[in-house]
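Which chain is which? The protein sequence lines are A and B, in order. Position in the first sequence counted from 1, then plus 10, gives you this note's numbering. Position in the second sequence counted from 1, then plus 4, gives you this note's numbering.
It should be emphasised that the hints constitute simulated quantities derived from the structure, not laboratory data. Note that the structure is a prediction, hence the values are computed from the model and not measured. Just so it is clear, CB atoms sit at the ideal spot from N, CA and C, and this is done for glycine as well. Treat the hints with caution; some may be incorrect.
Pair ranges (Cβ atoms, derived) [claimed, not checked]:
#1 B:Glu10 <-> A:Val31: 41 to 47 Å
#2 A:Met255 <-> B:Glu174: 31 to 37 Å
#3 B:Ile12 <-> A:Pro184: 52 to 58 Å
#4 B:Ile182 <-> A:Thr225: 47 to 53 Å
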Amino acid sequence: MIAYTIRRLLMLIPVLFGISVFIFLIMKLIPGDVVSTMLGTEATEESRQQLTEQFGLDQPFYQQYFSWISGVLVGDFGVSLRTGKPILPDILSRFSLTLELTLLSAFLSWLIAIPLGIIAAVKRNTGTDFGVRVISLLGVSVPNFALATLLLLVLSLTFSYYPPAGYVSLLEDPLKNLQMMVLPAIVLGTAMAGAVMRMTRSTVLEVLRQDFIRTIRAKGASERVVIFNHALKNAMIPILTIIGMQIGVLLGGTVIIEQIFSLPGLGQMVLTAINQRDFPVVQGAVLFIAFVFVLINLLVDLLYSYLDPRITYK
Amino acid sequence: MGFMKEIINRLKQDKVGLVGVIGVALVIFIGFIGPFLSPHDPTEMYKSHTLEGPSAAHWFGTDEFGRDIFSRVIEGAKVSLYVGLISVGIGATLGFVFGLVSGFFQGWVDHLIMRIMDILFAFPDILLALTIVAVLGPNLRNTMIAIGIVFTPVFTRTVRAAVISVKEMEFITSAAAIGVKTHKVILRHVSPNILAPFIVQITLALSGAILTEAALSFLGLGIQPPDPSWGSMLNASRQYMEIAPWIAIFPALFIIVTIFCFNLLGDSLRDLLDPKLKS
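In isolation and in its complexed conformation, chain B is listed as follows (with noise of 0.2 Å):
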């Protein structure tokens, strides 16, 4: 917990972190308590009102089959919200434990653990999760599984060094010297202090997913229609984006504005818990 307040004092301090943080806060509010709040159904279509532009009833305008924009964006923010927390649960969680015994056991684990994830990271993101998704097939679980798997590697990676780096430290060889059994030093000794370049890692890895997930359904191989995704809303708006430009301007804008504060917040926390930048 102390670790968790510190994170928070040290970000009231910055304010460019702060306007990462409210961005994110905004993103999370429109995706899990927006969809009670929209004025229509996302996937109601009003066929007399079709490529209509913003109004009092429509505040985002319609798409080409009626549908109110506004709500399908904010569904929207919810399928990338739901996508990013659990590809990057996904990948987080693979990625602590191969990380943890990878950089903890070390020899031929460690070997075989980086192995794989050097053939993973041979593959640029994009291409990775397209192929992961054409074999199992396109849709939300599936989106998510790839993802995860694609951020599997980074995330290794990254506890991997951090608890090479803990475990030479005196007070971890102390506790194995008087005994402690080696599950209780990984758990309780090892794991709470590499915390810092994993949260840091989360927060990037969350905005690359939704990213990921966004590029994958403009793509066709993402969410489904008619599910919204501002991916696909935004492949689907190109056909009709110059009889009616909102239809391709709200996704883009939410889908920048989402990564942009992710990014915010992610270099933010990594400036503040690099500990060569904490003087």
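Okay, chain A solo, but in the shape it has when bound (with noise of 0.2 Å):
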């Protein structure tokens, strides 16, 4: 196991390069240049040709690589044109909020989706069977913004309730905080909460279909033991990988949420640096937003052996 994570984990360097290398290139793409940008029309030759070479804009295009990953490998992202600021520090400080929604809005989707996906199972083809595979369906079916709005309209027009202004982090008031977070996270949630739903009545279904379980039932286990120890124990591992792939799209969804409950995390840094036309930013903040991406899914993979003892790596 270890020596599968060892190996896993130096497989990620390559994938990593390739995402650096392309996130360097679609930048690259971009019309006009970043000392257009931020000189403006007016700008005289003596000064672009100064900030051309102090970007290194003038070195061939494998060196403006190089001098860049060399720079984030060792934390240094650049700065950002608008601010003058360096980029990394902005980036962590956002991370947090926007792994925070990631976190919340994933836990509350498995706290209610798990329960319901089993009981939908063991009532197969009962009203209560229907119920959770609409409910699961219209959760995946409902587009966060769309979500997004109409709560916000509902919760407006019945309760006059607005989402609060002003962003406190966790460790200044953890219950204001959580106040903010719980509904931007049900939100986010939404969709997941659907998919590992529809997941785990699906394998909870199957797995109760196999012999073992009768044998467990034939030796006068009780129901409960038989779902909870057994049937869903040998679920976990297409529940888990959903929930890998839909951590993924949480992570994307925060760019969303963060920008209809304004939100101050990497995702919304990332529309803003769009909008203002940031490329080092954007192109900092996407790397790694992908760093993160590709971590969880290795992270899921080695779940995967722990959960189940017969998948072995060799």
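From the two separate chains plus the hints, produce the assembled complex.
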């Protein structure tokens, strides 16, 4: 397992290299250049030349890449064109919010989806099962921005509720922070809840049909033991797969949710940087998010072997 | 043709799938025929009728510029379908070619293609689409290109997996053994036999593409005003929805129902075409 983990970590290197090249290349496709964006059209040739040299834009393409990536490797993501401040500290401080939002919505969706999925499987072809299936399909079909808009509309019209303005971090005031985060987390987690609910129902159903479950039942085990100690444990691999995939979706979804609820996270940072054409920030933040996304997928892969001892890695 | 006939016959027996088929057919009808029947020009502003509620003249009410929401929603359906079909067309074509080449020839070509797909897979969909649109510039054409690129890896993987399982079958090895040329083996024997997972993927990708377009437009990076898109309509509605809820409700309902119907159809097709569930 340790050898496998190390090998998987080493395999990350070419993928991360590819990601960084891709992001760098795509940023180079942008019409116009950084210098024009910063100085505008009225700049003198001399000031243009000075800034071009300062950013190393007069160097060959591969040298520009290597100077950028060698900076990234030591934690220097460059500076923002708008503020002139280093990018990484801003990414890290905003990432804490995005991570909190992602984890909270994942937690809330599991809390609801896994029990409902199990109930639907156990009560197959009943009204409860049908209800859960409709809810789960609606969950995956309602776009988070549409749900957020409708939810805010209903809450404001019916209860005169408006999301609190201004962000308070978890460390500053945990209770107020939670009040701010619950609604965005619910909206963000709805699609994941739908997907996890569907997967839980279908895999638990599949496991319940297997021979070993019949044997356990024949030995007199209670239904609770059958479901929680045996069926659920064996159904966890596909559920975990969908959870791993959905965490990436959640991470992407934060771009929209943070915008709607005015939360100063990493997603909002990317969007603001795109609108301001602050491309070093876009480049750094997108690289960071892709890195986290790849790490999450690796963690999910490693969890498989922990959950299912039959899976061995050679 | 026999394959399509089999799908249609099986869908007829699946009630949930049938709801999906009817829903999708309705959306397609609204998208393609609707604009000819809509009562108003979707971009025309009736300055004296701003933010009016639903009435006989304006079935879904009017927006902050006095534009007819019903006509805009109908036009939005056309835009959504157009973007969905073209962008999935781009993704599916690229994915089909890459997957076919990758799965059939394997070796270094396979390795190269799949590593590129791994890189594209390393980004959350919306973030990749957002970045590409930001680079190319927000408009209809670039939105479709961006979504097409986002969906290429999933098609490549689906087709590659199907090709690998099919190419070891006896009828393929026999065809190669009797001297059928490689391109004929691929086109006449391999391609028709990988259609089932490909079609399911197309249906699921269509809802994903419509969703991504709506999300991009919601963020202001997709279809640009004054052209209507469900996403941009919903975003614009947020300022006025408390005094005129209809400007948010109708575009939201259309997005939800459309995605729901495509998902129903995709789910049914997946179940119908899954060999494990056939019995």
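For this session: Give me the numbers of the hints this structure contradicts, sorted from smallest to largest.
Result: none
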